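Visitor: Residues per chain, in single letters:
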Amino acid sequence: MPQTPLHAEHARLGASFTDFGGWDMPVRYSSDLAEHEAVRTNAGLFDISHMAEIFVQGTGSATFLDYSLVGQASLIENGKAKYSLICNQDGGIIDDLIVYRLADESFLVIANAGNRTAVVEALKSRAATLGFVGVTDESDDYALLAIQGPHATKILQSVTDTDLSTLPYYSIGEGTVSGVHTYLCRTGYTGEDGFEVLFNNSEAVNVFNALIEAGAVPCGLASRDTLRLEAGMPLYGHELNLDVNPYEAGFARVVRLDRDDFVGRDALLELSTKTPSRKLVGLVGEGKRAARADYPLYSDSESTVQIGIITSGALSPTLGYPVAMGYLETDQSELGNTVSVDIRGTRLPMTIVKLPFYKRSK
Amino acid sequence: MSNPTNRSYTAEHEWVLVEGDVATIGITAYAAEKLGDVVFVDLPKIGTSTTYMKICGEIESTKSVGELYAPLDGEVVEINDVVVSAPETVNTDPFGAGWLIKVKFTTLPELMTAEQYDALTGEG
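Protein chains in written order, with the working numbering: chain A, 1 to 362; chain B, 363 to 486.
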């Protein structure tokens, strides 16, 4: 199984490992809850070097990405970022990704580790259609660290000369961290302020340890999952997959239909005119028992007709009650509606709420 | 972490400490660490009958659900209220304050020794 260049460092710090997206990744160092809290109150450091970095460069880059993604990359200002989706011809989601515009004709696309091959193949085949040649998968050359939490900026600022106040949310700049040239992206997957720092693999140990010495707490993927769940952020393979379209997943705003041609346009245009049969919702429960992925949902405690399914769920470490995301038949998905989840044979009520469950105070 | 030698073990990671005709039952440090932070414990009610290697409770962490298997036939005579109100005790002291239930029994099944359990979990 592939490992990031920090695998030995994680082991040295006492991490347990898990298979994530085909990679052997740290799931926790000591305690999921302590790592979760570190991100909410201080600053956590995640090794996310498993993620895919795809560069799109050269004349025609913006036109190519406009054709390949459901969003409009050409509208992103230089130095800014945008969340987007790559869909197939039927409007099914191949992956969700972030597009960073480095220059007029230079973009960085960060995609999920488990979808690296699918995304690269889709982009290359779409590039071939347009006669564009500027797609390069540079995932193997890069380490990616996420530093997240209310103290993340202060800690990162102590090891970089770049004035981080010049980088607002969803922007990208370049700078030196612990003497290493990096891309500094003000993005994340935890619901907190913070940065994702991208740089050459060979410097991974140096930068990782510099950030820990500056005060960041190493955090594993278990806490990353509960953090992103509280923040209402989807995880591919749970909330998103090839059988889900952007309208079901609540991403109508990400799809720019008002333009000529992009992959999936016809299907998405038709889907946009209809009410989707199911919708992604947020659910909260009472007590301490979490509804988890794949648990079925019913309209009430007596009903045996399934109306939906949980896609992610946990006892929220920050809020203290169970939270979950899941798909529900649209006519049962109204905010405030109460449904029933089957937790290993026990039916418990859950109420539909607006996402996210947690929003940081600004 | 070594497993105490004064008790017996199951392949499902329960430990059993026998005093007279009552067995105190918990999960091992190995199991607690694999689960991660325990956030909810669902224990059988006092008076419930237990059946050898049948599920009688659940131990939930943030990431997963662990099942509590009854290591012997008997009747639940006590549950640990401490772990119900402070589930993290299962992580902090799995072999002590983090015990789960006490079961009164008449006959003991054959269980694993600490040495056998060490071998199963790759310790020792």
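These are computed hints drawn from the structure, not numbers from a lab.
The reader is advised that the hints may include incorrect statements.
With a straight-line Cα cutoff of 20 Å, these simulated SDA-like cross-link-like pairs (lysine to any residue) come out [said to hold, decoys possible]:
no., chain 1, residue 1, chain 2, residue 2
1, B, K396, A, S171
2, A, K362, B, V444
3, B, K407, A, R347
4, B, K396, A, W23
5, B, K407, A, L13
6, B, K396, A, A34
7, A, K288, B, V427
8, B, K396, A, S31
9, B, K396, A, G287
10, B, K416, A, K154
11, B, K396, A, A11
12, B, K396, A, K154
13, B, K396, A, R347
14, B, K407, A, A34
15, A, K288, B, E450
16, B, K466, B, V427
17, A, K82, B, N453
18, A, K288, B, T367
19, B, K396, A, G14
20, A, K288, B, E429
21, A, K288, B, F402
22, A, K288, B, K466
23, A, K288, B, K416
24, A, K154, A, A118
25, B, K396, A, G237
26, B, K396, A, D19
27, B, K407, A, A11
28, A, K288, B, T483
29, A, K288, B, V446
30, A, K288, B, A448
31, B, K396, A, D24
32, A, K288, B, N453
33, A, K154, A, E138
34, B, K396, A, S16
Every value quoted in this text rests on a predicted model; they were computed, and no experiment measured them.
Visitor: Report the numbers of all earlier hints that the structure fails to satisfy, in ascending order.
Guide: Result: hints 1, 2, 5, 9, 10, 12, 13, 14, 16, 17, 18, 22, 23, 24, 25, 27, 28 and 33 break, sorted rising.
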